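Novice: Read top to bottom, the protein sequences are chains A and B.
Numbering of the first sequence is given in my numbering, commencing with residue 1 and proceeding in unit increments.
Numbering of the second sequence is given in my numbering, commencing with residue 1 and proceeding in unit increments.
Since the hints were derived computationally from the structure, they do not count as laboratory data.
Remember, it's a predicted structure, so these values are computed and weren't measured experimentally.
Hints may contain errors.
[Claimed, not checked] Label pairs and their calculated CB-CB ranges:
1. A:SER193 - B:GLU252: 31 to 39 Å
2. B:LYS159 - A:HIS375: 55 to 63 Å
3. A:ARG278 - B:LYS129: 32 to 40 Å
4. A:ARG278 - B:GLY378: 50 to 58 Å
5. A:SER306 - B:LEU308: 17 to 25 Å
6. A:LEU183 - B:SER363: 24 to 32 Å
7. A:LYS271 - B:LYS267: 44 to 52 Å
8. B:GLU361 - A:GLN248: 19 to 27 Å
9. A:SER291 - B:SER363: 54 to 62 Å
[What the hints assert, rightly or not] Listing some non-contacts, in silico: residues in chain A with all C-beta distances to chain B over 10 Å:
10. LEU81
11. ALA172
12. VAL370
[Unchecked claim] A short, non-exhaustive set of chain A residues, derived as facing chain B with CB atoms under 8 Å:
13. GLN129
14. VAL132
15. VAL194
16. PRO245
17. VAL283
18. PRO373
Glycine included, C-beta positions come from ideal geometry on N, C-alpha and C.
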Amino acid sequence: MKVTVLQENLARGLSIVSRAVSPRSTLPVLSNILIATDEGRLRLSATNLELGITCWIAARIDEDGSTTVPARTFGDLINALPSDQVQLTLDVKSQSLHVKGGTSNNDIKCIDAQEFPPLPVPEMEGAIQLNVVDFKEMIQQVAFAASTDEARPVLMGVLLSVDKDKVTMAAADGFRLSVRKALLSNPAQQPLSVIIPARALNELARVSTDGEEAIYMVVPKNRGQVLFRVKDVEVVSQLIDGTFPDYQQIIPRSYKSRTLVSTASLLKACKQAEIFAREGSNVARLDIKQSKGEMQPGEVEISATSEETGKNETIVEATVDGGSVLIAFNVKFLREALEVIRTPNVALETSAANAPGVVRPVGDDNFLHVIMPMHLG
Amino acid sequence: MPRVILHLDLDAFFCAVEETHNPSLRGKPFAVGGKPDERGVVASCSYAARRRGVRSAMPMSRALRLCPNLIIVPARHRLYSEVSKQVMENLRNLTPLLEQISIDEAFLDISDTREPPARIALDLQTAIKNELHLPSSIGIASNKLVAKIATEVGKKSAKGDGPPFGLTIVPAGQEAAFLAPLPANMLWGVGPKTEARLAELNIHTIGDIANWPESDLIRRFGENGRDLARHAKGQDERPIVLERETKSISQEITYSVDVREDKVIEKTLRELSGEVARSLRKNDLAGKTVKLKIRWPDFTTLTRQTTLSQPTDNDEEIIRTALKLLREVRKPNQAVRLIGVGVSSLGAPIRQLPLWDAGNEKSRKLQEVVDELQDKFGKQVIKRGDVV
Numbered sequence: 001m002k003v004t005v006l007q008e009n010l011a012r013g014l015s016i017v018s019r020a021v022s023p024r025s026t027l028p029v030l031s032n033i034l035i036a037t038d039e040g041r042l043r044l045s046a047t048n049l050e051l052g053i054t055c056w057i058a059a060r061i062d063e064d065g066s067t068t069v070p071a072r073t074f075g076d077l078i079n080a081l082p083s084d085q086v087q088l089t090l091d092v093k094s095q096s097l098h099v100k101g102g103t104s105n106n107d108i109k110c111i112d113a114q115e116f117p118p119l120p121v122p123e124m125e126g127a128i129q130l131n132v133v134d135f136k137e138m139i140q141q142v143a144f145a146a147s148t149d150e151a152r153p154v155l156m157g158v159l160l161s162v163d164k165d166k167v168t169m170a171a172a173d174g175f176r177l178s179v180r181k182a183l184l185s186n187p188a189q190q191p192l193s194v195i196i197p198a199r200a201l202n203e204l205a206r207v208s209t210d211g212e213e214a215i216y217m218v219v220p221k222n223r224g225q226v227l228f229r230v231k232d233v234e235v236v237s238q239l240i241d242g243t244f245p246d247y248q249q250i251i252p253r254s255y256k257s258r259t260l261v262s263t264a265s266l267l268k269a270c271k272q273a274e275i276f277a278r279e280g281s282n283v284a285r286l287d288i289k290q291s292k293g294e295m296q297p298g299e300v301e302i303s304a305t306s307e308e309t310g311k312n313e314t315i316v317e318a319t320v321d322g323g324s325v326l327i328a329f330n331v332k333f334l335r336e337a338l339e340v341i342r343t344p345n346v347a348l349e350t351s352a353a354n355a356p357g358v359v360r361p362v363g364d365d366n367f368l369h370v371i372m373p374m375h376l377g
Numbered sequence: 001m002p003r004v005i006l007h008l009d010l011d012a013f014f015c016a017v018e019e020t021h022n023p024s025l026r027g028k029p030f031a032v033g034g035k036p037d038e039r040g041v042v043a044s045c046s047y048a049a050r051r052r053g054v055r056s057a058m059p060m061s062r063a064l065r066l067c068p069n070l071i072i073v074p075a076r077h078r079l080y081s082e083v084s085k086q087v088m089e090n091l092r093n094l095t096p097l098l099e100q101i102s103i104d105e106a107f108l109d110i111s112d113t114r115e116p117p118a119r120i121a122l123d124l125q126t127a128i129k130n131e132l133h134l135p136s137s138i139g140i141a142s143n144k145l146v147a148k149i150a151t152e153v154g155k156k157s158a159k160g161d162g163p164p165f166g167l168t169i170v171p172a173g174q175e176a177a178f179l180a181p182l183p184a185n186m187l188w189g190v191g192p193k194t195e196a197r198l199a200e201l202n203i204h205t206i207g208d209i210a211n212w213p214e215s216d217l218i219r220r221f222g223e224n225g226r227d228l229a230r231h232a233k234g235q236d237e238r239p240i241v242l243e244r245e246t247k248s249i250s251q252e253i254t255y256s257v258d259v260r261e262d263k264v265i266e267k268t269l270r271e272l273s274g275e276v277a278r279s280l281r282k283n284d285l286a287g288k289t290v291k292l293k294i295r296w297p298d299f300t301t302l303t304r305q306t307t308l309s310q311p312t313d314n315d316e317e318i319i320r321t322a323l324k325l326l327r328e329v330r331k332p333n334q335a336v337r338l339i340g341v342g343v344s345s346l347g348a349p350i351r352q353l354p355l356w357d358a359g360n361e362k363s364r365k366l367q368e369v370v371d372e373l374q375d376k377f378g379k380q381v382i383k384r385g386d387v388v
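Bound-form chain B, shown alone:
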């Protein structure tokens, strides 16, 4: 029995989220990202902007030259990840066999689902559109490779001004035929370099690769050649990877301009530590090792870490440890380009209770209340005094 793999990709996700919060953006050329005078890049751009040549990962200054009336919307990553979580939850309702590969993309194994794949795909697109106001594109095939390419094909062939809402289904057995006319660079593992070397052999489409002798591909490209040959024929056995084991949880930020004020840097570190602690608690984890990452204006990057006596998921404790590490490595008023904090050596949040409380248990209780309020009313409803 061939598998049925569904690949879902949210169309211009960040922009779509911004549009739901600010309907006046609808239909206009806008981009989510940093300001052009602050080394900003385009994180996501609306379809109107795309038609003017704006692409994601492009420096914002260049995007503005291509599209002078481009509206720049500052990124709200926390909002996006919350919306993303809602989408993923929606998908998990359909099947637990879900592999999230990025904030706006996931694979689902729907082999054992009773309804026909096309029905499932349309229902999903409708549900996500109605409940979360987000457009999405879907590709369905017998494996991950072809499903993902199917989504891309669907998006590219879309006409009109709005989001693509693509839906492409590749029936089992049709994989090679579906891939054959597509350009070689749509295949995973074909980057600009491989593409150029293939072009020298007069190989331009995926079908060209499939027709080329496998032994020659292996001779030229080594193990990658073997994968190329198999992928070009639409073969991919990789299973859905259910849950990636989390090894560490971290947060970092690059300042738009280098910062040397101690207070500002320490405030950032408090915020980042708080976010790390919160995501530890959300994932029911605690970690023993706290790591500080710092990048100076000359791009040299240092990390410093320390191991605690027992695992923690507590804001206070992570902040205290991170600040101590910061003060050990950084001189007062020393300029900083990037700062980050992470917690590793993760495990269940088991901790030895103390005979007499040095304040930790109190701060944990406070934490629980704050978490509850933030879950109910949003992150802005209550904050630590030292990060306001």
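Extracted from the complex, chain A is given alone in its bound form:
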């Protein structure tokens, strides 16, 4: 193999695929990145067997070939090279990759490409086409609510369902639920419902930077995998096997009190409360008070107390429709939900101190977030 690439292209490609490298694997080749010539371009791939990322970069190819390079050594080296051409030459017999950039000459010990697990070659026919901006926003609004507890694998995933021209993502960690809907520009031929690891979607959101491009998604039959292609990057992930909880059942159908409030003000108040709440059990109290007279606004009093550090109390003006409510939430949950809401105003629907609260962006029916309160004992 003998190829010439631009340092910045190679550096960018390595930064994209390196997130799938598993540095502490018992299989040494998984700490490496596969580099292979591929129809006039250089293909970079990394996988941890659950998640695989492939990226193609422009290259001048003088001689075809492939090998796997230790990710850390290769990545650090390329980042340290001058922004110029980089020549990669493989000595097949010794599996030694000569890397030349400017006046810098390096030889890296590689592992034969034969040992690298084969990544699926996707058949993109019948792929579902998703708008990058929408899809990235969906991921940001949903994936954070997935669980990190390995004891319940299903909850570590995001349920993605497609039905005709509707696509829905939902994630729940057992205490909160995030649901986001969007429309497809081209209706899907077949309905689809899969659980994708939240981590894979987060990586996909990270690599799909170009707002103009579309994301193509395929779920090959009986493979337990999902493939995404965006421009010159492919992300393949194992699906999570299992049944996602029936989340529709969790979404309250009614409320006793609806509080309209400025998203930014409530978010600020939550951030302040969290400074004290995080010292204890993360609990913040929301005292939602109805207006006392016609000319007076209602208000939400957010407060948190820490035995060690002190206490905080912030009042945010609100329009309270229905009765007054005193409810306690994990303020981190509330803050994280408010952070992904784009509308200037947000509605908080509550029914009782021990019943789920619903957060909705005002004027946007595509998103909703359910948070269970905390019981104060």
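Once you've looked at the hints, dock chain B against the given chain A.
Specialist: Structure of chain B alone, referenced to chain A:
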């Protein structure tokens, strides 16, 4: 203004409780404690038994040799702690400035109480006797040290067969004079070793200590010497400590004979976990760390602990966690001498409610009902199926 500190000690508490439940024991030599063939010791003994030389903490086998017709009554610790709680509540009605120092002993600061100390003491003794059928002895002085010694003096000077019902009041200013004739070992901090070293100096009474140069006591006994000198003069500034901060709640049990049956050990662990959970709930606490303690027949002791994602006061959850720890550390049929369970990292019982219930909320509701029934009708009225 000198303080007025009242020290109350229930006379032969465990025995007195047993007598109220079984009047036929009255006046007879009996002891509460374990059986002699099961490494039992005397936890408490009746005054009739005391006259034969039986003392608490004595091995039961020795107690029987001293007093062959001694009646052995098995201990009912839960009953005692319930009665103790009633006594303490009675005392708290008088003043919230209460420091409970053991199951049957407490200090009260009655400096600001309007009635004269002697009146208060007699009223307390009468109330506890009439309502709970328990005899008690009281010492009153200007500090904790002298008050406690006053109670002991009152108990020792009692005559007759019945409980002492002691009441000793040391007026402010009389502390040193009151202590002076008493043997040195009645002073806190004078154990057998210090007592022997004092005896070498020909110091036998508290008064002897008070008269000895303080500088020499400090030279011989270090910081303890300074305390000795001050205490011997009847000086003690320590305040009433209102509520000890609870750091952990635990329960343990030593088997009378080593047990190797998995079922028996797991049942014990369930019971202990249930008791821990119950006392957490009673104290309005929940804890995040569950700890298992286990002692093998060779006396090696292990502890294993795990931290939960959120604080718990729930029977089920503590039992489940404790059993998991047990199964990790103990092989099936491995013999066990002692087993215990504790919960720490305590705080208010705040918990995140779940979106969908995995059974915890249901078990909590059940718990509340069981607690209520047990509070009303006693612990035996309802129990978990797996500990019956």
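Novice: Each hint should be assessed against the structure and marked as holding or not.
Specialist: Hint check results:
no.: 1; hint: A:SER193 - B:GLU252: 31 to 39 Å; in the structure: 52 Å, violated
no.: 2; hint: B:LYS159 - A:HIS375: 55 to 63 Å; in the structure: 59 Å, holds
no.: 3; hint: A:ARG278 - B:LYS129: 32 to 40 Å; in the structure: 53 Å, violated
no.: 4; hint: A:ARG278 - B:GLY378: 50 to 58 Å; in the structure: 43 Å, violated
no.: 5; hint: A:SER306 - B:LEU308: 17 to 25 Å; in the structure: 21 Å, holds
no.: 6; hint: A:LEU183 - B:SER363: 24 to 32 Å; in the structure: 44 Å, violated
no.: 7; hint: A:LYS271 - B:LYS267: 44 to 52 Å; in the structure: 50 Å, holds
no.: 8; hint: B:GLU361 - A:GLN248: 19 to 27 Å; in the structure: 21 Å, holds
no.: 9; hint: A:SER291 - B:SER363: 54 to 62 Å; in the structure: 41 Å, violated
no.: 10; hint: LEU81; in the structure: 46 Å, holds
no.: 11; hint: ALA172; in the structure: 6 Å, violated
no.: 12; hint: VAL370; in the structure: 7 Å, violated
no.: 13; hint: GLN129; in the structure: 33 Å, violated
no.: 14; hint: VAL132; in the structure: 31 Å, violated
no.: 15; hint: VAL194; in the structure: 21 Å, violated
no.: 16; hint: PRO245; in the structure: 6 Å, holds
no.: 17; hint: VAL283; in the structure: 6 Å, holds
no.: 18; hint: PRO373; in the structure: 6 Å, holds
In the structure shown, a violation is registered for the earlier hints numbered 1, 3, 4, 6, 9, 11, 12, 13, 14 and 15, in ascending order.
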